[in-house]
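Assembling the complex is the task here: the two chains are given apart, and the hints tell you how they should meet.
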Amino acid sequence: MRKIIISLNFVFFGLILNAQLLDNLSIGLESNTVWYNNDSETGDFFDTANNDSDKHIRSNSYLKIDYNFLESFTASVQIESYEPFALLNYSKSYEGTNLGTYSLNYRNSKLNITAGHFYSQFGSGLVLRNWEDRQLGINNALQGGKIVYDPVSFISLTALYGKQRVGFTTSEGEIFGFNSELDAASIFDFKNTSLEIGLSYVGRKEETTFLEPSFNELTNSLSGRVDYYQNNFYSNAEYVIKSDDAIKQGGQLSNRLVKPGNAFLFNTGYSKRGFGIDATFRRLENMNFFSERNAAGNVFNESSINYIPGLTKQHDYLLTNIFVYQAQSTVNLDTSQSGEIGGQIDLFYKIKKETFLGGKYGTKIAFNFSYWAGLDGDYTQDNPDAGILPNYEVGLLGFGKKYFSDFSIEIRKKWTPKWRSIFYFVNQSYNKKVVEGSGAMINSNIGVIESTHRLGNGKSIRLEVQMLNSDSTKHDWTGGTIEYNINSRFSVYANDIYNKGSDTNTEKTHFFNLGGSYTKGATRLGINYGRQRAGLLCVGGVCRFVAEATGLTANLTMSF
Amino acid sequence: MKKYTIFITLMLTGGLLFAQNIPSITLKNLNGKSINVQKLSKSKNVKVLAFWATWCVPCINELDAISEVYEDWQDETNMELIAISTDDSRTKKRIRPLVNGKDWEYEILLDDNQDLKRALNISVLPHLLVTKNGKIVYRKTSYTPGSEDELYEIIQKYTN
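Line by line, the protein sequences are chains A and B. Here the first sequence is numbered in our numbering, starting from 1 and rising by one per residue. Here the second sequence is numbered in our numbering, starting from 1001 and rising by one per residue.
So here's chain B without its partners, still in its complex pose (with noise of 0.2 Å):
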């Protein structure tokens, strides 16, 4: 037990020390075309991939108030949010009327088995990653009314 203590405040440390790379992870979009996540993030612009799902209230609330001012973030920063759905099969089928009912902006992914979401090691939705050059440079998890501005904040500090 002790053993597995010291790991884990190793493991803390460590994790305030490096920026971390996407994986190589192709998912497909709503149009079934099939996107890099690695070669999408390589972009000097940040790039936003929030993860969510249908039955995600959090999630929804979270992405029904970035896209209240989508466009404004977008103009200033040249940043792109991309909201990767982890529904599975189940609900995989109410991501399109869902995004189209609610008119949000945002390119959607698909992790229908959540390849993706094992492997950055994502447990507990809605969860964020910040990243910009290809680096995941902020993550974040859970959703509170008006915690986007604090993302916004980081966004702008890690645009040039």
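If we strip away everything but chain A, and leave its shape as in the complex, we get (with noise of 0.2 Å):
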């Protein structure tokens, strides 16, 4: 590792001396710092993952460099810093200090070639997704090569293959993929008219050690999609199939329970000035794929080939966040589980100014309703003695058990130059048995009042006022956040929420956060000391449970 540091030194002393060729040059740099403490309150410190007690203070950081040369080439490293240990959360195939990930590509007008880790996507991702989220410790690169080929404007076709990017290892199992996209639109000169036709297929082969197994060692996956827009209107609709393949049922791998998967997408929408309505309906069944069959049910969502996220609003509040929807696409036949079917609804409209509900400034309405279901079927567990082979059979449209619904309305006033403010009403249900593994089905409301205040040269004020009912004698939250923003590079806030409910990991306790900010350009420091609530921590649609920490954090991100 050292050995690296020191050739970047001097790689990077050497194009300093040559400022025409840092122009070239981009560098992201981000560090995430905490210092955990002992809390009175929820208990001492401790990293089930690593079984420590010791290390309080740890640190995750990222530095990343680009550089461009010869006009079509691009050369990547990813630095990636684990020290001591992983920040709590983290999977444990995160430690220490080493190379992330490398990557050289060439690029001209219809070739783009990659040897090294690349991050690739297929249409929505339902068969593939390459992607870096380092707030969820997700990092699922694919070190190999791939090769993306536009022989006409109209079309482009990938293929690759590799092996997935496993902490700093890589994956048993081998990934291909190839992929293919037509612009029907641009052959027709078709005009205010979009028409895209895709297809994709998506293989992963990995050895295994039943004797005689029921599957096959390559299983398949193929997606089929279009994608239409013409003037206001839009409308896109994808079908996705994935071979037979061995389902891990009470966390060990079943040669008997061997099912193929599949899924279904639909997506359509209207808008035009000051009005735009969307419309999504998706239903999954048996759709985990991983490019090793044992990492399904991970709670790291390590190794994971495609992308499922929760198809629901994501809210931007504290106590909005308390109960999030996660994707439910793995079988589980102890609790008669599938798949998941549902939908969403968004509506965006603006009140005209100078009207009635408009008033002088004009108001945005944002309305969204959710709902998700398990698939409606019949459920049979393994009875290897009567001779019964575990199944299940689901139909095609059947809507099961509630697992979730979420209506919300977002309501946004100008009232003066300098006055503004958000209305945020939520109903939702919550299905927490099905989502986290044990409880009951909450139904709660949440309200949310925020209000900025501009004072001038720079100055403004923000308070938040936030409040959750339930249906539940355990959840009964209220919440609030300050933030003084002396001017656009110091900031400060302060927020708290409590629940006077009898939720016994988080009755009667205040988890508050103090902290402040500095900003110069690209530059951000960030410090903060709090209490972190046990929950689901969730970007992008996916989400990683999250322990009960406090402490002290400091983030640094710069970007040249």
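Check the hints yourself; a few may be wrong.
The list that follows gives simulated cross-link-like pairs (lysine-lysine, DSS-like), each with its CA atoms no further than 30 Å apart [what the hints assert, rightly or not]:
| hint | chain 1 | residue 1 | chain 2 | residue 2 |
| --- | --- | --- | --- | --- |
| 1 | B | Lys1028 | B | Lys1117 |
| 2 | B | Lys1102 | A | Lys163 |
| 3 | A | Lys432 | A | Lys259 |
| 4 | B | Lys1033 | A | Lys272 |
| 5 | A | Lys459 | A | Lys413 |
| 6 | A | Lys352 | A | Lys418 |
| 7 | A | Lys474 | A | Lys432 |
| 8 | A | Lys413 | B | Lys1039 |
| 9 | A | Lys191 | B | Lys1102 |
| 10 | A | Lys414 | B | Lys1092 |
| 11 | B | Lys1092 | A | Lys110 |
| 12 | B | Lys1039 | A | Lys520 |
| 13 | B | Lys1157 | A | Lys520 |
| 14 | A | Lys520 | B | Lys1135 |
Worth flagging that the hints you see were computed from the coordinates, not collected in a lab. Just so you know, these numbers come straight off a predicted model, no measurement behind them.
Here you go:
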């Protein structure tokens, strides 16, 4: 590792001598450091992943360098450091300091070739998506090679091969991918119309230890898509099938439960100036797809080949994120689960200026409704003594047990040039047993009022008041935030949420945070002290469970 | 660790010395048309590339605030703001109705698997790049109410 750093130093010093060359250099640095404290109210610091209670100060750092040369080439490296251990709730596979990703890319108008690590996505990601989210601890880049070839302007072809990144190692399973995109509208030269067709194949080959496996080592998935857009109207659909594969039951890969999977996604909408509506329907059946079969169900979302986000509105406030839905694509015969079915509708509307409801500046309204349920069908438990194989049979459009629903309305109102407010209301039903593994259905109403007042000279103050009432005696929350922007560089804030309910994990505990940040150009330093609530941390529709922790956090990000 | 510190220091000082080129990456706009970001930014007029997402409240606040003064900015400086959405397939569908619902006049580009965001080493949103003649002349992250005025001073500085 030391050698890498020293040689990078030399490379960099060489570069600095020639400012012209530096124009082709891009650098990003991110460092997140936490000093974990023992908390008299919620307990002492303990890291279950590393079985450690000594290393209170930890840091996750990322340094990424991209360099363009000879017009068409880009070299990229990312060095990652998790010292002395990774922050709490990260996978143990992120350990020490090492080279995370590296790649060399060549690009011209028809070809785009990458060797090393690359991030790729086919269609909406239902068959393949490689991505990085440092907050979630996800980096499932493929290590191998990728070729994108555009023979003509309306056709794009991709072929790729690789092993998936898992921490600082790679997966056992190999991934093969092929993708084709056809832009049909440009062939016929349609005006104001777009019609795109996509077809993808993704295969995963992994050896199995079963002596007589009742499935193939190679698992295939296929995706077909149509994307249509005309004037103000648009619509798109995707259908995915996945071939027979062994399913994990009770923590064990089963040679007796071997089933195919499928997914259907449909989205349509209409929008014009000041108005927009969008509706999505999705059905998933046994759509888990990992680069290693045994990775199914891992809590860190490692080794996932495809991307299955929860399709609900991503709320922005502390109390609207107590109960967050996670997409259910896993088969679990014990709980009669094999996937999910449901959808969501979004509506955006701007009430015009100088009307009764619009007032002087107009009023912006956003509305969202989502509903998700299990697949209705028959679930048969494994019973070898009676000669019964485990199985499930589900209907095509049957809605089963309710998993989640969410109705929200957001009103943004500007009163004067200096005063503006946001009113936010959410009604939620959350099947805690399905999403978290235990508990009951919780119905809640959440209200938020946010106001920002500009004081001039870049000074402003922002206040949030939040309430959550539920039909469960366990959850009855209040919360608030106050933020003061001293100028465009310095900002300080404090927030707190408190549960009056009897939930054993959060009862009568203040989950407070105090912090400040300094921003100059593209450099930002944030400092925060507070108590983190145990729960689901969700970014981009993918969630990870985080444990309760108290401590001082410093985040530094820079880009050049 | 010491070497690492030296390296970081070098990097910081280095960062002040150069005007970085925009990489040649092609993104689609909302009409499905492919647009090369490098070509787009190779203009004698200032182009502001604003990285945002439908779920990022400060991003929306910033773009809302600029949209109120956007006509004046364009008239005075011939600048253009290109709002580059980093929404992935989960929230991408919300872009079109949101942009129309908010009555924004910006060109919207889609960076749905974050290829451009990654190439430019952007880690937090909102993130703005002020570009001219294909080079980044100024970068800024985060938004506080009123900071759009400072952005406008920078745009004016780079307008001939």
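Run through the hints listed earlier and report the numbers of any the structure violates, in increasing order. 2 and 8
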